[in-house]
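One letter stands for each residue in the lines below.
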Amino acid sequence: MTIYDMISLAPLWILSSAAILIFFSISIKRNHKVIFVITVLSLMADFAFVSTYSIHHLHSIEPLLVIDGFGVFNIGLILLTTLVVTLISYAYFEQREERKEEYYILMILAALGAIMLVISKHFVSLFLGLEILSVSLYALIAYLRKRERSDEAGIKYLILAAFSSAFLLFGMALVYATTGSMEFAGIAAWITRAHEMPVMVITGFGMMIVGIGFKLGIVPFHMWAPDVYEGSPAPVTAFIATVSKGGMIALLVRFFNTLNGYQYTTFMLVFTILAIASMFIGNILALRQNNVKRLLAYSSIAHLGYVLVAFLAGEKLGMEAVIFYLVAYFITTLGAFGILATLSDKDRDAELLEDYRGLLWKRPLTAIVFSAMLLSLAGIPLTAGFVGKFYVIAAGIHTHRWLLVIILVINSVIGLYYYIKLIAVMFDQKQEPRPSQDLHPLVYIVSSVTMAILVLSLFWIGVNPEGMMTLIRSVL
Amino acid sequence: MLPLLIIILLTGGIAAGIIAYWNQAACRWLSLITVVVDFAIILFIWIEEGLSMTLTDSWLRDSHIPWIPSFGISFHLALDGLSLLMLVLTFFLGILAVLISWKEIQYRVGFFHFNLLWVLAGITGVFLTMDLFLFYFFWEVMLIPMYFLIGIWGHENRQYAAYKFFIFTQASGLLMLLAILGLYFIHGEQTGIYSFDYFALLNTTLSPDTARWLMLGFLAAFIVKLPVVPLHTWLPDAHTEAPTAGSLLLAGLLLKTGAYGLIRFVIPLFPSAAQSIAPWAMLLGVVGILYGAIQAYSQTDFKRLVAYTSVSHMGFIMLGVFSFNELATQGVVMQMITHGISTGALFILAGILYERIHTRDITQMGGLWSKVPFMGVAAMVFVMASLGLPGLGNFVAEFLILVGSWQANQPLTILATAGLVVATAYSLRIMQKVYLGSSMQGYILTDLSLREKLILVPMCIVIIWLGLFPQQVINTARSTVANTMHAGNHATIHQKQDQEEVPNTSAFNTERREP
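Chains as they are written, first to last, in this note's numbering: chain B, 1 to 476; chain D, 1001 to 1515.
Have a look at the derived ranges for each label pair, beta carbon to beta carbon:
(1) B:464 to D:1272: 32 to 42 Å
(2) D:1233 to B:44: 53 to 63 Å
(3) B:400 to D:1464: 51 to 61 Å
(4) B:466 to D:1199: 18 to 28 Å
(5) B:69 to D:1106: 51 to 61 Å
(6) D:1106 to B:453: 27 to 37 Å
Dumping the calculated DSS-like pairs for lysine-lysine here, alpha-carbon to alpha-carbon at most 30 Å:
(7) D:1103 to D:1453
(8) D:1164 to B:362
(9) B:421 to D:1164
(10) B:362 to D:1103
(11) B:346 to B:29
Derived by calculation from the structure, the hints in this document are not laboratory data.
Ideal placement from N, C-alpha and C gives every residue a C-beta, glycine not left out.
Start from the sequences and build out the full structure, keeping to the hints where you can.
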């Protein structure tokens, strides 16, 4: 390993050193504020490094990692998302009695795993990244362990994630046994030479799809999503919905493109079925939810289905659409869960529909921000979600995937219903007194500022998406 | 100049929403001033251009700002005679909508006016934009504030009505988005220039099959908005449950965006495909005329009754647009304006009555004329307009449409004319049940206040003016109509027929004065 390799890997170094630093600082003295500041600063420093140095020094660290434009963009996205999650976590955990400090170590490690995932080009680094991410998540999900649904969610995720990792590992082993390579490019080269894919390789890929599908939470591997979303602390839910899923999508895009999977109709068919099933089942199950976290869980299943439509559309426009949609979806999801976190108090999260009744008249700004996020999820103009949906549909039509596009349209109409339902509840004017159950969250300036930034970027990208489009085009 | 019209409304809406925290009256005045300023600007343009309007130069104003260049999307606004008329109507009704809410809306005044002005901004955008992406953008933008207007300030069943309205229009709008994108990529592949610009897309050559599918996408959005039976079911609910200002904007303006879309987009972009479905579209129009009229006759809820008359009147628009001749299209333009005024006025009257006696059930009313003579007279004027009495604007519109459609399809025209008879029945029933007959309940109610007179008297004047001197409107719209017909007739067999009609339009003025 050369010095140059080391410097290229600095984004990983910074995060791991930050984790160790926090570790020691806890052993000296527990101080939530100090730990929080260290986390925020290290994430910012990392982002600064990535956006100034890495973007100009693209480099491949053989044979495991590759730092290309696509990777750098995703690293940046993950870092910013983690930063936002951290910012909303402060207020959320400050109100709670549990020990808060270790949370930040886990958060940083999870981000580290996700970053590893998006720059890997080898099965080993892929698996390493995935496991760092997953193991951190096991702990994060069950972090507030005194709550009744917290350990249920943690155990559920642990068992299913371990199970799916096993599938992934088995799949990799099968592919390796046949092709003799664990590098994406090596596998691609072998398949090109072989003309026809042997059953072993197909089985291997099939098993890998199970593992990937689980992480993405797409149908039929979605069973964990609602329970885990519901049981985790709100900021962790935001993290799972964004970084964990987005990292996996980025990996999938890289793997599929290296393999040039678009020429294999079997894979296309499988992903088409997964996409259609995710869209329909996600949206239809969301219709009947009264728990906002579960509702957002089902909605995120559907949104991953939309991302798959762009992914399946392929070509340059499709890739741009995937990334753009992810950016829009990240902002929106962070905003939605951020509001959920700011409304939660120390007893429970603001997850019942009733917690939102008449919110517009109690806390108008919060309600307007939340409505903006929901409208963005529904893909209504002026928001980033609209441009994202437009991009996806455009990509789909460009490569004539009419079936997928029409199903997407039908689904956005179904989706509209439950987003609107939630907004209608917030705008409801009838207020039955039920003070005993009302939440009394404290307001922290850091959360408010974060929310303001999110909602501004939501509208900025919605109204003026050209900058983001150019950026995405330049990294692809 | 053109973006300014929208920007004034948007900023006015935000300012009005904020100022209401301190002073509600200031919020109302600010909203009023905002719309009046826009109205003044558009009137100024009309007066300035009205004198020099010619057939060849149909575009009066044009404003082009790049927006998302990588997709070929620009902020392209342009004004021609048709948009001009629609904008005059928009701001006129906008002023009335602010005025009618002066007393009715006491709850969350700031947010109400914010929504009101943003709906108007969205509608203004729809009438001005010449970029299809931007068109879709505005098309959707106007929905959300409208949804809030119905959902927050509406009557008892408002949530249901608001959902239904939103989902119907969204679903159909998305189909239009698919069609827009389809057209965009086909045009891009043909010419190598990817652009959403209306004028660029006009020159796309399409195979008949593709053209039909794309046209159906556009048509879906417009006929839901219009609405055409059987896709009308959102309308009675939305109109009935909305607050008065909401009903006024829905009936007066939102329905017109559908009609506008047909004239501006469906026919010029897909002339031959539109020709090929013309008989079916006209049939749907006639079904709408008769069905709406019969339904209206059997309603007991005042607002629901008026809502069904809208369905009936919008049937005429469908009939006229797909007759493919200049006379009928002129009639359609007239109908858009006069229907906006007359139906809007009826909704206002229903709202005024509701404020006084807290019911919309016409079986509970009766004999009100003697108590509120001024209101009665105003109601009489608009009821007569609605049934198509010569001398009032609606007559001109419907007459022109029927004359035009007679040349296209005679049996359907005869059926449509039968709709006018039913219209007489339901219109007279309004007068009969509400203002005449014997008083069943001992209502004590006051006649119109000064503010209400200020709303209804100008509407009366306009509807009479349109009935007596429609030539000004016809002249303003002529170049647009002629261009649309030109596009429509390019590929078709109806060409000969239409050339004969052109002189008729001006001759019509003398013919019509008799009553």
